[in-house]
Every structure is written in C-alpha cells, then in structure tokens.
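Number of protein chains: 2
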Amino acid sequence: MMNKQWRLASRPVGEPTKDNWQFVETDIPSAKEGELVVKIEYISLDPAMRGWMNDAKSYIEPVAIGDVMRAGTVGLVTESKCNDFAVGDYVYGHLGVQTYAAVKPAGLHKVDPNIAPLPRYLGVLGMPGMTGYFGLLNTGQPKAGETVVVSGAAGAVGGVVGQIAKIKGCRVVGIAGGQEKCDYLIKELGFDSAIDYKSENVVKALKTACPGGIDVYFDNVGGDILDQVLTQINLHARIVICGAISQYNNTTAVKGPSNYLSLLVNRARMEGIVVFDNAKHYGQAAKEMAGWIHEGKLKAKEHVVEGIEHFPETLLMLFNGGNKGKLVLKVGE
Amino acid sequence: MMNKQWRLASRPVGEPTKDNWQFVETDIPSAKEGELVVKIEYISLDPAMRGWMNDAKSYIEPVAIGDVMRAGTVGLVTESKCNDFAVGDYVYGHLGVQTYAAVKPAGLHKVDPNIAPLPRYLGVLGMPGMTGYFGLLNTGQPKAGETVVVSGAAGAVGGVVGQIAKIKGCRVVGIAGGQEKCDYLIKELGFDSAIDYKSENVVKALKTACPGGIDVYFDNVGGDILDQVLTQINLHARIVICGAISQYNNTTAVKGPSNYLSLLVNRARMEGIVVFDNAKHYGQAAKEMAGWIHEGKLKAKEHVVEGIEHFPETLLMLFNGGNKGKLVLKVGE
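Listed in order, the protein sequences are those of chains A and B. Residues 1 to 333 (the UniProt record's numbering) are what the first sequence spells out, left to right. Residues 1 to 333 (the UniProt record's numbering) are what the second sequence spells out, left to right.
Hints were generated in silico from the structure; no laboratory data involved. Be a bit skeptical, because a hint or two may be false.
Said to hold, decoys possible - When the alpha-carbon atoms are kept at most 27 Å apart in a straight line, the in silico DSS-like pairs for lysine-lysine are as follows:
| no. | chain 1 | residue 1 | chain 2 | residue 2 |
| --- | --- | --- | --- | --- |
| 1 | A | LYS187 | A | LYS204 |
| 2 | B | LYS287 | B | LYS110 |
| 3 | B | LYS143 | A | LYS280 |
| 4 | B | LYS57 | A | LYS143 |
| 5 | B | LYS143 | B | LYS299 |
| 6 | B | LYS301 | B | LYS39 |
| 7 | A | LYS207 | A | LYS168 |
| 8 | B | LYS143 | B | LYS166 |
| 9 | B | LYS198 | A | LYS255 |
| 10 | B | LYS57 | A | LYS255 |
| 11 | B | LYS39 | B | LYS110 |
| 12 | B | LYS301 | B | LYS187 |
| 13 | A | LYS166 | A | LYS198 |
| 14 | A | LYS255 | B | LYS204 |
| 15 | B | LYS204 | A | LYS57 |
| 16 | A | LYS324 | A | LYS168 |
| 17 | B | LYS324 | B | LYS301 |
| 18 | B | LYS18 | B | LYS324 |
| 19 | A | LYS204 | B | LYS255 |
| 20 | B | LYS198 | B | LYS255 |
| 21 | A | LYS57 | B | LYS207 |
| 22 | B | LYS255 | A | LYS57 |
| 23 | B | LYS207 | A | LYS255 |
| 24 | B | LYS280 | A | LYS143 |
| 25 | A | LYS198 | B | LYS255 |
| 26 | A | LYS297 | A | LYS168 |
| 27 | A | LYS204 | B | LYS57 |
| 28 | B | LYS301 | B | LYS110 |
| 29 | A | LYS57 | B | LYS143 |
| 30 | B | LYS4 | B | LYS39 |
| 31 | A | LYS280 | A | LYS143 |
| 32 | A | LYS110 | A | LYS330 |
| 33 | B | LYS255 | A | LYS207 |
| 34 | A | LYS255 | B | LYS255 |
| 35 | A | LYS207 | B | LYS57 |
| 36 | B | LYS166 | B | LYS187 |
| 37 | A | LYS143 | A | LYS297 |
| 38 | B | LYS39 | B | LYS18 |
Work out the full structure: start from the sequences and follow the hints.
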C-alpha cells in the first residue's frame, strides 16, 4: 500500500489540464510525537480550489508548486500519538488530495458517521453549508416576504442558500444550467422557481419569476448572470459575492459587472464573503442546520465520484456544470 | 425682458452637443393663486444632469424632450401668491435652466445671502455638500486613523468628502486631473496627499500615498480608477458609489469593475447612494457643516461661469475636468 497524492505541477492558464498535476505514490506516513495519521476517505471538490492554484494574493495562500493540492477531507484515524484523537475516530480537516496524511491535530474536528453519512460533512454540514448559512443570513439579511435569487443553485452552496431562504419565508428563485437541475431545485429542494440559463433569456425569466423584483442575490457565478440580475434588483437590495465560477478559468480579464451603477440607482449593496471569518460560530450554525435537516426542511445531496485517480477530470465537472449537489471524490474503489 | 430657457431637444448619444438643446425665449410667467415667481440667479451644474438626459429607469424620472432642463437653482422671489414666501425672499429649488419660474412652493426653501454667498447654497450648503456628508458618514463609515480615498476630489462633492474625512481623523488622499487641482487639494483643502491620474501611475501612487491600504473609497468617477483602487483596498473596506462621471458619456457599455472580486478577497462592500434619501436629515447636516465652515475646517469653493447663454458648453466642463470646486452658472451678465 502506498500513499497516493495529487500535487500541483504547474499553474494553469485557463481551465486546469492534466499537465498541471503530478500523480505521486509515496510511503504511507507515520505519526511523530503529537501527530496522528488519517486515512482519507472523501475529498471535497470546490470551485475555490481553482483560485488556490493561482499565484495571486487572496484570502488564503496559494498552493505552492510541488505541494499536495489543498482540499477539505474526511477520514479515519489509523494511528495517533496525540491526546485529541484516537484510532477509529473519524475527522474533518484540510488534508489535501491524497490517501493518507500525518498531521498535528490543529484544524481537525471529529465527525460521526452514525449521525450523517461521511460525505455530508463536506457538504451541508461542512464548508458549503456554512458558506450558504452565514453568507445568506449575515450578509444577505433576507426578510420574510422578500425575493431571494441564487445562482449556481444546484451546487453545494446554492442549494443550501435557497433552502434556508425558504425557511426564512422568502420567495426563492434558482438559476442553474439545464432542465434536470431546474427540476431538482423545484421538486427536491422546494424552490419557488428555477431558471435554466442555458436555454432561457435570463432577464425575461427573472421578470417572470420575480414579479416584485429581487431583494437578495447570492452570486456564485459572476459574469453575464450577475449583470442580468443587476437589471432587476430592488431598492436597498443586497448582493452577496460568494464566488464567480464563470470567471475562474478566464485567460483574459475578469468580466466586471457593467450594470454596477444599478447599485447607485437602487441604493443597493454588493459585499464579498469568506466563510472562514465565521469559524467561531460554526458550532451554533451546525446545530441549527442539523435541526432543519431533522425536520426535513434542509435536504442534502452529494454527487460522489469514486477513485482518487480521477481527481483532475472530476474537478472540471465544477466548471462545466457536471455536478448536481455537493461534488465529492471517494478515495477508495 | 423675456424668460430665457434651455430645453432638452433630443437625447444625447455620448457627450451632449448643441443639437441636444433648444434655446427658447418666452414671456416671463406670472403667479397663479398659490404660486410664486422666482427670478433665478444661479444654476447648479452637476454630473447627475447627464443621467437625467437619458431615457432610462433611474432614481428620478428622465427630463422629457421639450421640457426645460432640470437643475438646482437659487433665486429671488419677485411675485408671490402663496403664504410661504414673500417678494424679496431668496429661495433654493429645482427650478431648471431658465431665468424665471412660476411654481408652487413645495420643494422650495429659503436661503440667506447674508449668511453665505448665494452660489454656496448650490455647493457645500446644497446637494453636493449633503451628498458628501451622508455618503461618507453613513455609508463610508470612516473611523479615525483609517485611510479615505476620494476620486473627483477637486469637484463639489469630492472636496467636501475629503475635508469631512480629515475632520473625522482620517488620512485623506484625493485623485484629480492635473497638478493644479492636486495642489489645490493639499494646500487649500488640507488633503494629506493627491494623485494626478493624468500624469501618474495610479496604482503605484496609491501604494505610496496609502501605505496602510485603503479603508474607504468614495467613487465619483468609475472606470479605470475604480478598478485601480480595488487592487489596494483593505479587509472590510467600504466603497461608496456616488457616481461614474468617466462613464456618463459612453456610447458603448459602461465599464464594469473587473477587479470586483477584490470585494470577496477582502470581505469588502460596495454600496450606492442617492442624496435625496436623506432629505429628512438635511437640516441637522447643514447645521453641523455650518459649524465646521465657521471654524475654518470646511472650505468651500465655487467655480462661477457667467451667462445663461453659455449653458451647453459650460456643462461640458464637468466631463473634461474644467472645473475646480462647485460649477455654477450665473444667470445675469
């Protein structure tokens, strides 16, 4: 048995290719004093990973060339020389795209496979869930009766945003690519309306779906859709900038929102969020979300792909609209 | 004597030309019951006027083709058939680009030429002053020790913003076009630093002038300067969108801020303002600003051009950087 790793070989220009990755097999590490070894079972694939591959100032350091790719993971403790975790514990941590990691316990926390399936701790009970929860509630500040629009709605964050907005009494409209995803939003997640940006005129569809205009827009995609939404916002609208997946593989400049002066006309606000800022409050959020899941108000869906060897092409599903729900890579066969 | 009026003849494409205006001489109006007649003495020329010429949904109705151009004015009451104002009173109101107006008293308020010169009621004691005051304090929320950058800094709003930021204990950097304006900002208005966007590399100059980064940016210009500032903002920065004078005469799409994802990286906010929303609090603001003027902390400068017949070309000074301080048209010779 070897430790399989995907390391960053070079920085991508545009969409990442196989050449940007190096597949390495090394010995399985063992724990030094104060460390533990985790056998990684599930790896989280997130749009933010594309940003971490760039050599640019951001909210977190870039992954260095030659380093194992950063990723959120859940796995089983197989060796422990620390007091915090014992062999047999399941843990969450940013342990990277590999099958084993020997690490210090800082940044890890236990998860319980009896309470929820392990991949869920990478989705609604993990960073995407926290991102949706804090981004919508703290920054979007939706009020009952308002209209909330979310893009990338069939993704891990978007699905959480829409469902929490429903819980808060809002009219919820999702934007996603393809009829199948739109059906999923309405039939499975309980959205009021869904817009297929691939086949519909988005401005026209927004006018129909949001007859009272848009009060909160949670943006995961940027690009044209952000501009189209800006034409339909209400006075004092809040736009939450969570991501811009349509722009992450650009080889030219990011497309800025040409309609940003709608912020002026409507005295509206556009604000960026980074989930890590809320770390102190994750526990409280997890508790509230667990309650909603228990009541059947918050549904979770993971899109699991098997085999760590498929990491490079699986990551690309995020950018070509291939996943419905939280995209997770299962390490083993 | 006739009433001289500038009416909107057609909607401009790009920069307004003489063809967009019609100069009309009509009889001087008289007051009906409940009305008064004002002899207009000073006309405010503001960047927002360009927007009012477009047939587009905005925070205020467009000026209709054939109507007298909307403008803030101060003038003398020459006839009164209402109880609120008497002949001899000086009043402020949106009475348009003309020499006489017969109107109802709603929306007018008295001004006192013994307290301040009349043009000042169109500048620091008028809408530009209120815009700077509320936009900076309510939306920019500057704290002592923070760095505030303002563009269009030598204009009517920009000068107020910078001086109030100084009063609040901030480091203040102005962006303006030309060395003369930059000297004016530092020597007359007390800015800490000034950047001449016409001759300097703005990003490099911002790095030098704002060694601690930018906490508040008050944007009057949009375009490249907004994008350049976005590269230098701090965590939790506030960007106040007051206007985008660089874009108002565009014949192609407005340039959206390509660097808007800096809002995400920095958990920063961009918010639009319209001064009229603060109408209920004008009185309190005027009182506070009058105090600052009295103490010599808030200086006012008007750039007065004489002759209503010069309205079309004088308006263009706003877009080619011709004015230093509040641009005002004096009606008489």
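Here is how each hint holds up against the structure:
1. A/LYS187 - A/LYS204: Holds, because 22 Å separates the two Cα atoms, which is no more than 27 Å.
2. B/LYS287 - B/LYS110: With Cα atoms ~15 Å apart, B/LYS287 and B/LYS110 stay inside 27 Å; holds.
3. B/LYS143 - A/LYS280: holds, 25 Å
4. B/LYS57 - A/LYS143: holds, 26 Å
5. B/LYS143 - B/LYS299: Holds: B/LYS143 and B/LYS299 sit about 21 Å apart, inside 27 Å.
6. B/LYS301 - B/LYS39: holds, 24 Å
7. A/LYS207 - A/LYS168: Holds. A/LYS207 to A/LYS168 sits at ~22 Å (cutoff 27 Å).
8. B/LYS143 - B/LYS166: holds, 10 Å
9. B/LYS198 - A/LYS255: holds, 25 Å
10. B/LYS57 - A/LYS255: holds, 24 Å
11. B/LYS39 - B/LYS110: Holds, because 14 Å separates the two Cα atoms, which is no more than 27 Å.
12. B/LYS301 - B/LYS187: holds, 13 Å
13. A/LYS166 - A/LYS198: holds, 25 Å
14. A/LYS255 - B/LYS204: holds, 23 Å
15. B/LYS204 - A/LYS57: holds, 17 Å
16. A/LYS324 - A/LYS168: With Cα atoms ~24 Å apart, A/LYS324 and A/LYS168 stay inside 27 Å; holds.
17. B/LYS324 - B/LYS301: holds, 8 Å
18. B/LYS18 - B/LYS324: Measuring from Cα to Cα gives roughly 24 Å; hence the hint holds.
19. A/LYS204 - B/LYS255: With a Cα-Cα distance of about 23 Å, the restraint between A/LYS204 and B/LYS255 holds, given a limit of 27 Å.
20. B/LYS198 - B/LYS255: At roughly 19 Å apart (the allowed maximum being 27 Å), B/LYS255 and B/LYS198 satisfy the hint.
21. A/LYS57 - B/LYS207: OK: A/LYS57 and B/LYS207 at ~15 Å, within 27 Å.
22. B/LYS255 - A/LYS57: holds, 24 Å
23. B/LYS207 - A/LYS255: holds, 24 Å
24. B/LYS280 - A/LYS143: holds, 25 Å
25. A/LYS198 - B/LYS255: holds, 25 Å
26. A/LYS297 - A/LYS168: Holds. A/LYS297 to A/LYS168 sits at ~11 Å (cutoff 27 Å).
27. A/LYS204 - B/LYS57: Holds - the C-alpha atoms of B/LYS57 and A/LYS204 are around 17 Å apart, at most 27 Å.
28. B/LYS301 - B/LYS110: Answer holds: B/LYS301 to B/LYS110 is near 21 Å, not above 27 Å.
29. A/LYS57 - B/LYS143: Given that 27 Å is the threshold and the Cα spacing comes to 26 Å, the pair holds.
30. B/LYS4 - B/LYS39: Roughly 11 Å separates the two Cα atoms, so the pair holds.
31. A/LYS280 - A/LYS143: holds, 24 Å
32. A/LYS110 - A/LYS330: holds, 19 Å
33. B/LYS255 - A/LYS207: Distance of about 24 Å is within 27 Å: holds.
34. A/LYS255 - B/LYS255: It holds: about 9 Å lies between the C-alpha atoms, which stays within 27 Å.
35. A/LYS207 - B/LYS57: Within the cut-off at roughly 15 Å; holds.
36. B/LYS166 - B/LYS187: With a Cα-Cα distance of about 14 Å, the restraint between B/LYS166 and B/LYS187 holds, given a limit of 27 Å.
37. A/LYS143 - A/LYS297: holds, 18 Å
38. B/LYS39 - B/LYS18: OK: B/LYS39 and B/LYS18 at ~25 Å, within 27 Å.
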